[in-house]
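Going line by line, the protein sequences match chains C and L. In terms of the numbering used here, the first sequence is numbered consecutively and its last residue is 194. In terms of the numbering used here, the second sequence is numbered consecutively and its last residue is 194.
Since the hints were made in silico from the structure, they are not lab data. Keep in mind that a hint or two might mislead.
Any copy will do: because identical chains look the same in the list, a pair fits if it lies in one copy or spans two.
[Unchecked claim] Taking lysine to aspartate or glutamate and the EDC-like style, the derived pairs with C-alpha atoms no more than 20 angstroms apart in a straight line are: (1) 130 with 53; (2) 184 with 114; (3) 31 with 129; (4) 117 with 60; (5) 86 with 165; (6) 106 with 172; (7) 193 with 54; (8) 106 with 165; (9) 86 with 192; (10) 177 with 192; (11) 79 with 53; (12) 179 with 67; (13) 106 with 60; (14) 167 with 102; (15) 31 with 172; (16) 59 with 110; (17) 56 with 72; (18) 106 with 174; (19) 120 with 47.
There are 2 protein chains.
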Amino acid sequence: MAIEILRLGHRGERDKRISTHVALTSRALGAEKIIFTEEDKHVKESVERIVDSWGGDFKFEVVKSWRTYAKRFKDNGIVVHLTMYGENINKIMTEIREDISKTNKNLLLIIGAEKVPREAYDLANYNLSVGNQPHSEVAALAIFLDRLTEGKTLYSEYDNAKIKVTPSKSEKCVFVEKD
Amino acid sequence: MAIEILRLGHRGERDKRISTHVALTSRALGAEKIIFTEEDKHVKESVERIVDSWGGDFKFEVVKSWRTYAKRFKDNGIVVHLTMYGENINKIMTEIREDISKTNKNLLLIIGAEKVPREAYDLANYNLSVGNQPHSEVAALAIFLDRLTEGKTLYSEYDNAKIKVTPSKSEKCVFVEKD
Chain C
16 MAIEILRLGH RGERDKRIST HVALTSRALG AEKIIFTEED KHVKESVERI
66 VDSWGGDFKF EVVKSWRTYA KRFKDNGIVV HLTMYGENIN KIMTEIREDI
116 SKTNKNLLLI IGAEKVPREA YDLANYNLSV GNQPHSEVAA LAIFLDRLTE
166 GKTLYSEYDN AKIKVTPSKS EKCVFVEKD
Chain L
16 MAIEILRLGH RGERDKRIST HVALTSRALG AEKIIFTEED KHVKESVERI
66 VDSWGGDFKF EVVKSWRTYA KRFKDNGIVV HLTMYGENIN KIMTEIREDI
116 SKTNKNLLLI IGAEKVPREA YDLANYNLSV GNQPHSEVAA LAIFLDRLTE
166 GKTLYSEYDN AKIKVTPSKS EKCVFVEKD
């Protein structure tokens, strides 16, 4: 299963740091790419800087029409839209996990910033809430992916990593490749 | 068990939105308060606005010395510091959960923005990593609290809530109290 993240409603300057957190969280939890609907130099460069130092192949991409992209994806994939109005994650997560593992389909996860167009709700296979309180799309994304992957992606080895951290009780254990 | 969040290294204007996400995620996952080391009007007002509409008793507090606060807390509580250099959450989480449930102690969770002083590492009962890749303190906090609470706090009923959302498959089900 490949995981892609579609970031809707990103508002340039205002959202640049939150959207960067969304992107880096996606990468750290095993997603392959994040898709924006418009260019954002800050987010793109932050992602590229991390990939350059920490390795792997995570991608920042821009699509012209997210509707077209999501519809095509759905032909052979599962679309999950995270929204505070959606179904209770505690009740529906098992079904989603089984759906993905049975069909071995790829996953597109839609993450809104502010208001998300109605079509996202209609298009998604699942509209899913991570709690019914206003909090953070970074948190919702993290919890969903953590429950989906059960921690398996959190300590992955990345190809071409110049920096590696080894978990440690009380010291910083960092390997940095010399130029 | 009561949960408190200590936010270190918050840098005013630069971090105001990320710190607000940290605060609201803490609230949505069952924490009782968030503690800053300096005033921040933006975060404070965001928290108060959410509590006013969505209910509950979550608090924003400022302490003069986080060291004194954390040391005192540790006399009768457990201090966990989230850091990408810490122990592997997949390996240590069961021990932390058992430690908390056996002792019935309260939990102070230290969340850094940028660099965290060495004392935080020494003071904490556990230095814990949520993955060994750079991502987001909002994501790390969310995953830790979700694993700790096992989703039990995500759909809590809040006292004095003027707005309530009922999870739904395809509609927005929102209850808004009239003035």
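| Alpha-carbon proximity context of residue 167 and residue 102, limit 20 angstroms | between (25 angstroms within a copy, 15 angstroms between copies)
| said: I want to check one pair: residue 193 and residue 54. Are their C-alpha atoms no more than 20 angstroms apart within a copy, between two copies, both, or neither? | reply: neither (33 angstroms within a copy, 42 angstroms between copies)
| Status of residue 72 relative to residue 56 across identical chains (alpha carbons, at most 20 angstroms) | Classified as within; 18 angstroms inside a copy, 40 angstroms across copies.
| query | How would you label the pair residue 106, residue 172 (within, between, both, or neither) given a Cα cut-off of 20 angstroms? | reply | between (32 angstroms within a copy, 17 angstroms between copies)
| query | Between the shortest in-copy and the shortest cross-copy C-alpha distance, which are at most 20 angstroms for residue 117 and residue 60: within, between, both, or neither? | reply | neither (37 angstroms within a copy, 46 angstroms between copies)
| field | Up to 20 angstroms CA-CA - residue 192 versus residue 177, copy category | value | For residue 177 and residue 192, only the intra-copy Cα distance (5 angstroms) is at most 20 angstroms; the inter-copy one is 55 angstroms.
| message | One pair to classify: residue 130 and residue 53, alpha carbons no more than 20 angstroms apart. Within, between, both, or neither? | response | Cα proximity of residue 130 and residue 53: one copy only (16 angstroms, versus 32 angstroms across).
| query | Is the C-alpha distance from residue 106 to residue 174 at most 20 angstroms within one copy, between copies, in both cases, or in neither? | reply | neither (37 angstroms within a copy, 24 angstroms between copies)
| query | For residue 79 vs residue 53, is the C-alpha pair at or below 20 angstroms within one copy, between two copies, both, or neither? | reply | within (8 angstroms within a copy, 43 angstroms between copies)
| task | At 20 angstroms max between alpha carbons, let me know whether residue 106 reaches residue 165 within a copy, between copies, both or neither. | result | both (17 angstroms within a copy, 12 angstroms between copies)
| query | Which holds for residue 86 with residue 165 at a C-alpha limit of 20 angstroms: within a copy, between copies, both or neither? | reply | For residue 86 and residue 165, the Cα distance exceeds 20 angstroms both inside one copy (28 angstroms) and across copies (33 angstroms).
| query | Is it within, between, both or neither when you check residue 120 against residue 47 at 20 angstroms Cα-Cα? | reply | within (14 angstroms within a copy, 40 angstroms between copies)
Consistency note: the structure conflicts with the earlier hints numbered 4, 5, 7, 9, 13, 15, 16 and 18.
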